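Assemble the complex: chain D is given as a structure, and chains V and E must be docked to it using the hints.
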Amino acid sequence: MWSKLIIDMKALTVTKEPLDAEFQELGGRALIAQYMIKNVPPQCDPLGNQNQLLFCNTVFAGTKLTTTHRLSIGSKSPLTGGIKESNVGGYAASLLADQGIKLIVVKELPSSEGLWLLHIDSKGKATLKDASIYQGINNYELVEKIHERFGNKLATISIGSAGERQYKNASIQVSEFGSGHPSRAAARGGLGAVMGSKGLKAIVIEKPEERYKVEYADEAKFNEICQKLNKVIAEAASNDPFHNIGTIATIEVTGANGILPVDNFSGRLFPEYTEVGANKFMTNLATRGGRNKLACQPGCVVQCSNCYNDKDGNYLTSGFEYETIALFGPNCHISDLDAIAQMDRICDDIGVDTIETANTIAVCMEAGKIKWGDADAALSLLKEMADGTEFGRLLGNGCEAVGKSLGCKRIPVVKHQAMAGYDPRNTKGTGITYATSPMGADHTAGLTMGRAFDDTGRTAQAYVSNKLQVAMCFADSMMCIFAFAHTVPVLPLFGELMAALYGGSPDFTRVSVGLGVKTLLTERAYNKMAGMTIEDDRLPDFFYNERSIATGSKFDINNVELEVLFDF
Amino acid sequence: MITSYNVFVPSLMGCGSSLRTGLKVRELGCKKVLVVYDKGLKAVGIADTIVENLRNAGVEIVCFDGVLPDPPDTMIEEAAEIARNEAVDGIVAVGGGSAIDTAKGINVLINNAPPIMQYFGVQKRLKPGVPMVFIPTTSGTGSEVTNMCVISCTSRGNKDSVVSPVCVASLAILDPELTLGLPPKMTASTGVDALAHAVESLTGGNSNPLSDALAREAIRTIAKWLPIAYKDGSNIEAREQMLLASMFAGMAFTNGLVHLGHSIAHTLGAIFHIPHGVACAVALPEVIEYTARTEYKKVRMICECLGVELPEDASPEEIGAAARNALRALIKSVDIPNMKELGIPIEAIAKVAPLVIADAGFALVPYRIPASKVAAILQSAYEA
Amino acid sequence: MVTVNNKKIEFYNGMTVADALKAAGEVPDAIVLVMVDGKILPHNKFDVELVAENTQIKLLPLITGG
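Chains as they are written, first to last, in my numbering: chain D, 426 to 993; chain V, 1227 to 1610; chain E, 45 to 110.
No lab work stands behind these hints: they were computed from the structure. All figures in this text were calculated on a predicted structure; none of them were measured in a lab. By construction, the Cβ of each residue, glycine as well, lies at the ideal position given by its N, Cα and C atoms. Be aware that one or more of the hints could be misleading.
As the list claims (entries may be wrong) - Only pairs whose alpha carbons sit at most 25 Å apart, straight line, appear in this in silico SDA-like list of lysine to any residue: (1) D:Lys953 to V:Ala1597; (2) V:Lys1577 to D:Lys429; (3) E:Lys52 to E:Glu93; (4) D:Lys979 to V:Pro1435; (5) D:Lys632 to D:Asn648; (6) D:Lys834 to D:Ser691; (7) E:Lys83 to D:Tyr740; (8) V:Lys1353 to E:Pro72; (9) E:Lys52 to E:Asp91; (10) E:Lys83 to D:Asp433; (11) D:Lys429 to D:Gly525; (12) E:Lys102 to D:Val678; (13) D:Lys943 to V:Pro1580; (14) E:Lys89 to D:Ser760; (15) D:Lys943 to D:Lys979; (16) D:Lys632 to D:Gln767; (17) D:Lys808 to D:Cys833.
Claimed, not checked - If you anchor each label on the Cβ, the simulated ranges turn out as follows: (18) D:Pro696 to E:Met45: 31 to 37 Å; (19) D:Asp737 to E:Lys66: 41 to 47 Å; (20) E:Asp91 to V:Glu1538: 53 to 59 Å; (21) D:Ser663 to E:Asn88: 23 to 29 Å; (22) V:Gly1271 to E:Leu94: 56 to 62 Å; (23) E:Glu97 to V:Ala1283: 47 to 53 Å.
Chain D on its own, in the form it takes in the complex (with noise of 0.2 Å):
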């Protein structure tokens, strides 16, 4: 029977109990969503004491199933303001599992000023610290004394001074497994800000010296397919660029076609991309003993993590991707690779969303306050927001506010959120994920690119954008979607899974609807509630009227496709 937590920060309680019967067979980006929609007002303060903060392990927690250790972190957004589920990788959801704990529950503000952490112990106690001798200190510095304090063998779920000041960009890194760095990011939606205000410092999760033992109907049937499931990942992923060089493979097809993101998505191409590829990636990894094929979760046979070093081979960052690298990057017309690790390496540190801060940057860049492609200039306004700044606190805020302020007409945001590393007028079809996702605009709900007949077209672009929002949800709810991506040619044996593991029929609509469509349907609904309208669900008119000079094209989809996108 696994347990849930629930700390309540005004009274400084922590009390466990058994997971409701409601949630058994729910994990992830579904389970959040039914705990929110019935437990946390759609129409609260994301600061306030109403507003709760979620962190849950996977349907699949504690089983053998490759990468399914994701821990989904919910909450109100106090950026987009509706849900939002942002997950992660690391060791956190892992060591969560083999606790027995498949959700932890943060309610209520603190009645006085302070600072705590959670730790749960190696045998299993959890208790709320004092946490006030870290105040002000970032994440790398933090995991050094969590370790200090409570040994090696351990994770750390924490925010750094971006989270205490509640920046709406603010992200809650995990540690990856292995090396410890705190440099997985559950960096969407400010959740860093909703744990700040909490009071909430940091979780910490030693190893247990007794291992939680999962329940299941027929575990004989669930090893049997699991491990098919598992093969079918392995041999696929040994030809995925993921593997084999990392996220940053992407850039060689997005910078080719147009959708790679340049000079705030004017739509021009950006030759130098390549100074910040793939080939210039695996140059300095292999010269300067950087690695790449790290599994940022035990078991995980993608291994799309990575450990950079910087032109003396001393440590810089992990975890180092794709969205960084395109937006930081070309977006903000920069082509110094190493510029930009020291980036990710202080977005990592202080705990900012790098997608929301690189946008905010570019967005400076467009307004004038700094150069295009000034990365001395951008690393400056970067120590500003680390440094609490007046204007600091302003691009803690994010890409929308800080665009208002500066007077910059192309703002890149959906739902108040900034755009990821891919150009909506040059695949359609992530364009209407932007528009229509409850969580704003989020590549990662469903990335259409190489998917539908022509990137730059309308055909078929809404049709697979609904299929991937739909797995998306789904696949969110069981493991990571890079491992999941691979099993589409077996999709039914989830099913299979879900009635080993929790009896019942295999039925995959248990899987596609019950964690799919639901979760869908039920986060769209908690936003009506939240006061989201139609107008919520469009692109920034600026891709409606402004031509790609790479492709011609325009974001030319029609309303009415993106108003039916959801009627099931």
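Below, chains V and E without anything else, positioned relative to chain D:
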């Protein structure tokens, strides 16, 4: 919107053109061809005429007369084996969509290993086959100018398509004289299939100006000549016009693609075994009405081609309704039965809808339509 | 021998990456990355980049974005 038109087949058109088959096949460099047809076409003597024509041109012949309707994959694999063993360097198909699609399937398997079901979908990497010449005798599936072949998958009990350059003919020969003997029911059924190709390609998500132009011409021609060809099959002008309309519609839909109408047709056809053209026609008017919400400009074009006058300020709903009425009138004028008359039980309608939205063509609909609304369309058309 | 994924192709002088891919029956579309001896080669260079004896070519289809 930036669109493209990519699939094109050279064509020879006109009465008597099929008597140039031998010359054309020789021009293509073929020395030994597989001639593909069904037993019915042999019985009426058309197959023999083509075979003789080829022999006279000095082309060696191997015949395959085992074409079955809704070509099963097993039959195609058998025929492909013959083609490989005989080392043919060309394929000539004469007949309706079944013969032509059989030939295409054979061409897929000439240099790509069986089974053919592994190639369902859009295939960009198949090894090329041999030159193909198609001579349609119905008006028609338009398959002689498309890049797709529809195959019945015996193991799964459904139909699917291979879409590939390997399915594109080197030459289409359109000889209306070969269609003179087409019985009225088949004239009507294949004629409304062509109509469906035209109106769906105009209103689907992949339409483009060139396919639109071809579609409009096809609709105008079918509206005028199908009723005449149906009532008087010996009217050569009507046959000529219908054959051209079928080809235009084929060119339109292989580039513009089809959507809900054909998704409904595939589903009804598979479950109730009704002829493809009839299955396309039963709900086509309601399908086009549904598209008017976003494609009202195109649906207005359909109305104009059917001779329906509309006020300038007509609303999308009004345009849709007008198109629905005009299309139904045309379909009824050639005695196409409705679902009730075909003996389809009304209770089956609700079950059919989820299968329709699972069809591959559903991705091309102009705006998303849930299963419940598909069911409503079918219910509305049930005894129309 | 030149390797393309798991296929071994006979090498000849003047063979380009495009030649090797064709011989292996591969027509990588835009979403497929082509890695030649550990380095990504852009699609527009396939016709000009020569291979050597023992060149290893790996096709890496991008299944999802990152």
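Now for the hints, and whether the structure bears them out:
1. At most 25 Å may separate the alpha-carbon atoms for a hinted pair to count; lysine 953 of chain D and alanine 1597 of chain V meet this at roughly 24 Å.
2. About 42 Å separates the Cα atoms of lysine 1577 of chain V and lysine 429 of chain D, which puts this hinted pair outside 25 Å; it is violated.
3. The hinted pair formed by lysine 52 of chain E and glutamate 93 of chain E meets the criterion: a straight-line CA distance of about 19 Å does not exceed 25 Å.
4. Pair hint lysine 979 of chain D plus proline 1435 of chain V holds up; C-alpha atoms about 18 Å apart against a cutoff of 25 Å.
5. Pair hint lysine 632 of chain D plus asparagine 648 of chain D holds up; C-alpha atoms about 24 Å apart against a cutoff of 25 Å.
6. For the hint pairing lysine 834 of chain D with serine 691 of chain D, the CA-to-CA distance comes to about 12 Å; that is within 25 Å, so the pair holds.
7. Only pairs whose Cα atoms come within 25 Å are accepted, and lysine 83 of chain E paired with tyrosine 740 of chain D is accepted, the gap being roughly 24 Å.
8. Distance restraint check for lysine 1353 of chain V and proline 72 of chain E: the Cα-Cα separation of roughly 14 Å lies within the 25 Å cut-off, and the hinted pair is therefore satisfied.
9. Straight-line distance between C-alpha atoms of lysine 52 of chain E and aspartate 91 of chain E comes to about 20 Å, which keeps the hinted pair within the 25 Å bound.
10. Restraint check for lysine 83 of chain E and aspartate 433 of chain D: the C-alpha separation of about 53 Å exceeds 25 Å, so the hint is violated.
11. Note on lysine 429 of chain D and glycine 525 of chain D: the hinted pairing holds, with a Cα-Cα distance of about 9 Å set against a maximum of 25 Å.
12. A distance of roughly 16 Å separates the Cα atoms of lysine 102 of chain E and valine 678 of chain D; the hinted pair therefore holds under the 25 Å criterion.
13. Annotation: proposed proximity of lysine 943 of chain D to proline 1580 of chain V holds, straight-line Cα distance about 17 Å (limit 25 Å).
14. A C-alpha spacing of about 22 Å is found between lysine 89 of chain E and serine 760 of chain D, which places the hinted pair at or below 25 Å, so the restraint holds.
15. Note on lysine 943 of chain D and lysine 979 of chain D: the hinted pairing is violated, with a Cα-Cα distance of about 32 Å set against a maximum of 25 Å.
16. With a CA separation close to 31 Å, the supplied pair lysine 632 of chain D and glutamine 767 of chain D exceeds the 25 Å bound.
17. Restraint check: the Cα-Cα separation between lysine 808 of chain D and cysteine 833 of chain D comes to about 22 Å, which is no more than 25 Å; the hinted pair holds.
18. Judged by the Cβ atoms, the range 31 to 37 Å given for proline 696 of chain D and methionine 45 of chain E holds: they are separated by roughly 35 Å.
19. Separation of aspartate 737 of chain D from lysine 66 of chain E is about 45 Å and conforms to the stated range, judged on CB atoms against 41 to 47 Å.
20. Between aspartate 91 of chain E and glutamate 1538 of chain V the beta carbons are some 54 Å apart, a value that agrees with the proposed interval 53 to 59 Å.
21. A beta carbon spacing of about 27 Å between serine 663 of chain D and asparagine 88 of chain E agrees with the range 23 to 29 Å that was offered as a hint.
22. Separation of glycine 1271 of chain V from leucine 94 of chain E is about 59 Å and conforms to the stated range, judged on CB atoms against 56 to 62 Å.
23. Taking the beta carbon of each, glutamate 97 of chain E and alanine 1283 of chain V are about 49 Å apart, inside 47 to 53 Å as hinted.
Hint violations for this structure: numbers 2, 10, 15, 16, all remaining hints satisfied.
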